[in-house]
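Can you make the complete structure from the sequences, with help from the hints?
One-letter residues, chain by chain:
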Amino acid sequence: MGVISNGTTLLDAGALDSGVATGAMTLIKELTASSSATLSFVDGASGVVLDSTYKEYIFKFINIHPQTNNVDFQFNASIDGGSNYNVTKTTSQFNAYHNEAGNDQVLGYNAGYDLDNSTAFMNITNDISNEGDMNTAATFHLYDPSNTTFVKHFTGTANNNYNSGGYFQNDYFAGYLNTTSAVNAIQFKMSSGNVDVGTIKMYGVK
Amino acid sequence: MGLISNGTTVFDAGAMSLGGSMSFMKKLTASSSATLSFVHGSGGVDFSTYKEYVFTFKGIHPATDNADFMFNMSVDAGSNYNVAKTTTVTRAYHNEGDSQAALDYVAADDLAQGTGFQQLSQEVGNDNDQTTSGYLHLFNPSSTTFVKHFTSNTNCYNNQNYTLHWLVAGYGNTTSDVDAVQFKMASGNIDAGDICLYGIA
Chain G
1 MGVISNGTTL LDAGALDSGV ATGAMTLIKE LTASSSATLS FVDGASGVVL
51 DSTYKEYIFK FINIHPQTNN VDFQFNASID GGSNYNVTKT TSQFNAYHNE
101 AGNDQVLGYN AGYDLDNSTA FMNITNDISN EGDMNTAATF HLYDPSNTTF
151 VKHFTGTANN NYNSGGYFQN DYFAGYLNTT SAVNAIQFKM SSGNVDVGTI
201 KMYGVK
Chain W
207 MGLISNGTTV FDAGAMSLGG SMSFMKKLTA SSSATLSFVH GSGGVDFSTY
257 KEYVFTFKGI HPATDNADFM FNMSVDAGSN YNVAKTTTVT RAYHNEGDSQ
307 AALDYVAADD LAQGTGFQQL SQEVGNDNDQ TTSGYLHLFN PSSTTFVKHF
357 TSNTNCYNNQ NYTLHWLVAG YGNTTSDVDA VQFKMASGNI DAGDICLYGI
407 A
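So the sequences go chain by chain: G and W. For the record, in the first sequence the residue sitting at position 80 is 80 according to our numbering, with numbers rising by one throughout. In our numbering, each residue carries its 1-based index in the second sequence increased by 206.
These aren't lab readings, by the way, just hints derived from the structure by calculation. Yeah, the Cβ is synthetic: ideal placement off N, Cα and C, and Gly gets one too. Any given hint could be a false lead.
Selected chain G positions facing chain W (Cβ under 7 Å, derived; list incomplete) [what the hints assert, rightly or not]:
#1 24
#2 55
#3 150
Next comes the structure, spelled out in structure tokens:
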């Protein structure tokens, strides 16, 4: 069955007409952590699209809580469908932090957490507390991962209760995946221990 | 034919929207382009409907090495791109050799009531794989009461093999209706890349 309104076909043969407005930001996949060692988004698996369908992908992290105290939340990328998460990256990271007592606040570059053409996992935020109400929330933009000409840029920000609580930290990170191969999988994990709970949402932006 | 469900018009008069608060409006693809301009009323661009607009930059590749990616606004539909702006610029950088890494304020590249173009990314390399990507938020450009705030966040693979994270914020110091936005390189053309414009309901 199709739907034709005022002479215009709106849907037919199981597909919407291309002229129908559907919104530019599409939820692709949501993963919920439950004592998870890793959380991975692999193109073509479980409904994940990570290809040329979109030129921008956004990941949102909500209430990410580690099992182990004082650990870092990290990501890496893959060019072989998730067999290896080891794409070379050059990155920068800086943050501002402030404690609840109001006597310690700093803005600074974190040389200890950047990467220089390294294949290691990159910190989205660091030293997350595992106290009961502590967690991190973040947003991560990845540009044109399927491009086979250019490197792949990313930018992001994170809010974090860190270092056994009592401190708030606002992180800014950016960099590029130094590959001209198509990136087709992204993985998130803690530097040690599992992701106890939390939600990661993946969106495509057309 | 139309369809009304529980008092809500699902479709009518040949039109249907399935919602979403972020609406794609226009995509410009560079091809040795001197400028890329979004002008209200031209090619589907509408700067009066939404109170927030987002421009996204994907794979902006300059024809000339070491060129800055910039923007400006217009209050006369693109005849002149020269709105006065006061801005801040913060950057973090790190090179592949790990010999340079820092966070600083870039006083040389901010504007104090300047009408010139504001850098959104600096010293973009033009090696075959080098680009800049990121986004610019512009708030309520059609207001005739308030100045026009904007924030931008880009990352660049620069000409000296640095990752250069460039954060700009500021305001267009005008109470006139901003009705056009233009992007260009400080020198040379935009060889390749996409700029998309979205309205946020």
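The hints, checked one at a time:
| no. | hint | in the structure |
| --- | --- | --- |
| 1 | 24 | holds (4 Å) |
| 2 | 55 | holds (5 Å) |
| 3 | 150 | holds (5 Å) |
Comparing the model with each numbered hint stated earlier shows that all of them hold.
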